[in-house]
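J.: Listed below are the residues making up each chain.
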Amino acid sequence: MSGIPLDKVDLEARKRAAKILHEKFRKILEDILSGKAPKLEIPKRTLANTIFDKERGILVLGEQKLEREFLDMGEARRFMQTLLMASIIYQALIENEYPTIRDLYYRGKHTIIYKDPSGRTRQENTWDEQAESDSVIRDIEVFTGLLREDMLILSKEKGKVVGNLKIRSGGDVIDLSKMGHGAYSIESTPDLIDFIDWDAEFVLVVEKDAVFQQLHRVGFWRKYKAILITGAGQPDRATRRFVRRLNEELKLPVYILTDSDPYGFYIYSVYKVGSIQLSYESERLATPSAKFLGVSMTDIFGWGRKKPYLTETERRNYIIKATDADIKRAKELMKYSWFRSPGWQRELKIFLEKKAKLEIEALASKGLKFLAFKYIPEKIETGDWIE
Amino acid sequence: MDKVPATKSAKQTSSKEKSNKEKFREISVAEFFAKNKELAGFANPTRALYQTVRELVENSLDATDTHLILPEIVIRIVNRPELSGSNGSEQRFTVIVEDNGIGVPPTVMANAFGRVLFSSKYVIRQTRGMYGLGVKAAVLYGQATAGQPLKVVSATKGSSYSYMKELFIDMKKNEPRIVSEGQWRRRGSWHGTRVAITLMGDWRRAKNRILEYIKRTAIIAPYAEIIFETPDGEIYYFPRLTRKLPRPPREAKPHPHGIDLEHFKIIIKESKAKTLLELLVQEFQSVGEKTARAFLKKIGVNPNLNPKKLLRKENEELLRSIVDEMKKFEGFKPPRSDYLSPLGEDLIKLGLKRLFEPEWVEAVTRPPRAFEGNPFIVEIGMAYGGKIPPMNEPLLLRYANKIPLLYEEKEDISWKVLSSINWKLYLINFPAPLVVLVHIASTKVPYKGVGKESISEIPELEQEIKNGIQEVARRLRAYISRKMKEAETLRRITTLAKYIPEIARSLAILSKPPEKWSLPSPDEEKLIMDKMAELIATRVPTARGSDGKTQTIKAIRSIVESARTE
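Residue numbers (the working numbering), protein chains in the order written: chain B, 1 to 387; chain R, 1001 to 1566.
Same shape as in the complex, but just chain B (with noise of 0.2 Å):
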């Protein structure tokens, strides 16, 4: 790749990234040949040291850290991984590439052949399963401070966005108003995109791709000067920072359509608080200021004098018995303390109740038109939303 005139954005981000990288791992280096044990510290990715900052409204890494040392038989392992992902990424930066996490996998994936005290052959993969080589990544992300956007990893598209919005994106301009049926997929480096030009008063982000798709051709973004995404179910880091993007730089509001249930409700909690898995990232990908439009429970059963959007035989044909797996997830969610406000906690409650849950595609069922134009401009002109 190297010799193909590269954007100046891209070439800074290269340097960038080389640099701390060759900083972080030089270290290790001077440990081994001073012969002092090589450790690496990392934070550690995991729910007991995830901490939802409430000041904030987002999901953090806490204080605690992992050693990660090659001479413990437990770690050896997964220290070899994490220098071999790190020198893998640094080449790659280096030379002008762009893998995706995938690239990542096959370059790492040597098989290791040797032989044991006892003469035998013996073979051992440097990672076999892409979960394996994925972690490794977020552990380098966590340790550097990098992000792999930040890296230059691609990993696959997969939110979408069209509105009245133009971008610059590697050099091109590229209208968002004008993508006919399709959209722009968002890029895994959504950084480096530049906004130029808009006309927007909100971002509505739709949990589902077949709901964007229908929303974008009623014309819906049109006609409420709305920048429609979708993440198309759980969102990408892409799609989380351009929304987060959206929200910060062009000062819209952020409003959220997904399925009523608690993965739906989690969905919305990914994109404004941040993820377990990622919360090291959150400060970076997460929209505090998000709002949970709908579908809520009270929308489907109403409360109080709230009058419910379905009515007792729409509710029979539409509404989906709870699995096993739904309540338990809803009583996990219940315990997050993220989801402790009273708008939750009585949504959770209801579904815990009633043990029913509902798809947006019911809601375009009634007709399209009713989500379009009345259900969704609605519940914003009310403010009958939840955070």
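Rather than coming from a laboratory, the hints here were simulated on the basis of the structure. We treat Cβ as the ideally placed atom computed from N, Cα and C, and that holds for glycine. Each hint should be verified, as a subset may be incorrect.
Not everything, but these chain B residues come out facing chain R in the computed CB check (under 10 Å) [unchecked claim]: (1) Arg-14; (2) Lys-15; (3) Leu-21; (4) Leu-33; (5) Leu-66; (6) Phe-70; (7) Met-85; (8) Ile-113; (9) Thr-121; (10) Gly-219; (11) Ile-350.
Given chain B, put chain R in place with the hints provided.
T.: Positioned in the frame of chain B, the structure of chain R alone reads:
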């Protein structure tokens, strides 16, 4: 069985036993044996073939090592189809065993093989054959099943002639009946005995037992050269491994604790002692004059009593009470054990090494102990690992007075003790490659039956076997524990060392500054690898001593050098 010879001297037997004896008076000892073959181990053709080999081999060993001659024993079993019936299972074989022993003098030759009798000499000695009956039982069995006479050729050490006799045992008269005999000038310097017995046997069934018997004999007598030729034409050769012979057993007088009424009567009859005091001092071991007086005083018997008077019928009760008191009296010193013949730790280890090629072998000769006035020594050998296959339980090799015991294993005291050992305490988890050898040397081995295949549960014996097994097992535990530690160290080293090349390569790349980037050279990687190997060697605790580090670095290097990636 002890009662059988007494029929010949029934005069002195008690009235209580008389009715029993009457029945036997009509038949000779030889006849008795012929009718009770199973008692001597001749229950069927399989067992008979095995027993014949065993009796002859044991006689040969007694005629050699006991007299400090390094044994050379040739065993041949020859198929005799011309004597066999049409029925395949009724085959006849001739068992020929030749040794280089002291030989049998021509004057006693006929009786030694042709008359069933007990030794009249009441001294005791640790020998392989206990009753002197075995070979004669084989002869009786042979003449009954094959109709062939025993053939013996023998030359004693000093004699200028070799003598030959062919004989049957006259069962009614219990006398040898010689069918042919001869003598010739001895050729060379050979001395020893060659015995051939023809009998009905089942080689196919007996083969494994006989082989096992000979192998186990080779284990316990590594100083012997043994050649075995089978009817199938195979030859098994066990060369001599050492010229070191065990100390030969010596004859000894009986200990007062080991005496019984019949035995005591015979001693009185044959002793020249004039008084009871003299008798005790002269005819028993561990009895001095002082002890004898103290004993007689305690039981209130006149020391000057003529012992022959005790044989009178009216003194029967007195005699009985003297014997009972003798057994109980605690003033006698324990029986002497210095005339027992243990094998010694070296010979046991040598024998086990040859047959099993283990990675570890140890043996112990326990201090002498006694039961009922009989001294005994327990010896334990253990072999572990190497070419021994893992088994679900330890392989037990039982020996009594250097005789391998093959049958009735589960009834034996050693089996009982072995089964009670908790091997986990000794870091052994079955299946495991473990062989345990138990040798009991005694002037009286307490067999369960005349077949001499299993030993009774005598508490003193049981305790000694247990102590011995535990003693050797503790050494085995130390060995296994050291081995486990070494294996653990190696495992740790391997776990770390295999990653060295991968880590060194990665660090070499990462250590190149981005502004002056180039691929690292092999030398740079090599330097990191060496440093890491040293680091492991320094930091991983080794089981070995000061040379541990050098050893470890060597081990790491070889792992690192063998490691490659694909």
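J.: State for each hint whether it applies.
T.: Hint check results:
With a cut of 10 Å, the hint placing Arg-14(B) at the interface with chain R holds, because the nearest CB-to-CB distance is about 8 Å. With a cut of 10 Å, the hint placing Lys-15(B) at the interface with chain R holds, because the nearest CB-to-CB distance is about 7 Å. Hint status for Leu-21(B) relative to chain R: holds, with the closest Cβ pair at about 7 Å, below 10 Å. The interface hint given for Leu-33(B) holds, since its Cβ lies 6 Å from the closest Cβ of chain R, which is under the 10 Å cut-off.
Here the hint on Leu-66(B) is broken, as its CB sits about 18 Å from the closest CB of chain R, past 10 Å. Annotation: interface hint on Phe-70(B) holds; nearest CB of chain R at approximately 7 Å, less than 10 Å. For Met-85(B), the suggested interface contact is upheld, since its CB lies about 8 Å from the closest CB of chain R, less than 10 Å. The restraint placing Ile-113(B) at the interface with chain R holds, with a minimum CB-CB distance near 5 Å, inside the 10 Å limit.
The interface hint given for Thr-121(B) is met, as the beta carbon of that residue sits about 8 Å from the closest beta carbon of chain R, less than 10 Å. For Gly-219(B), the shortest C-beta to C-beta distance to chain R is roughly 49 Å, which exceeds 10 Å, and the interface hint is violated. Taken as an interface hint, Ile-350(B) does not check out: its beta carbon lies about 53 Å from the nearest beta carbon of chain R, beyond 10 Å.
The structure fails hints 5, 10, 11 (numbered hints given earlier, in ascending order).
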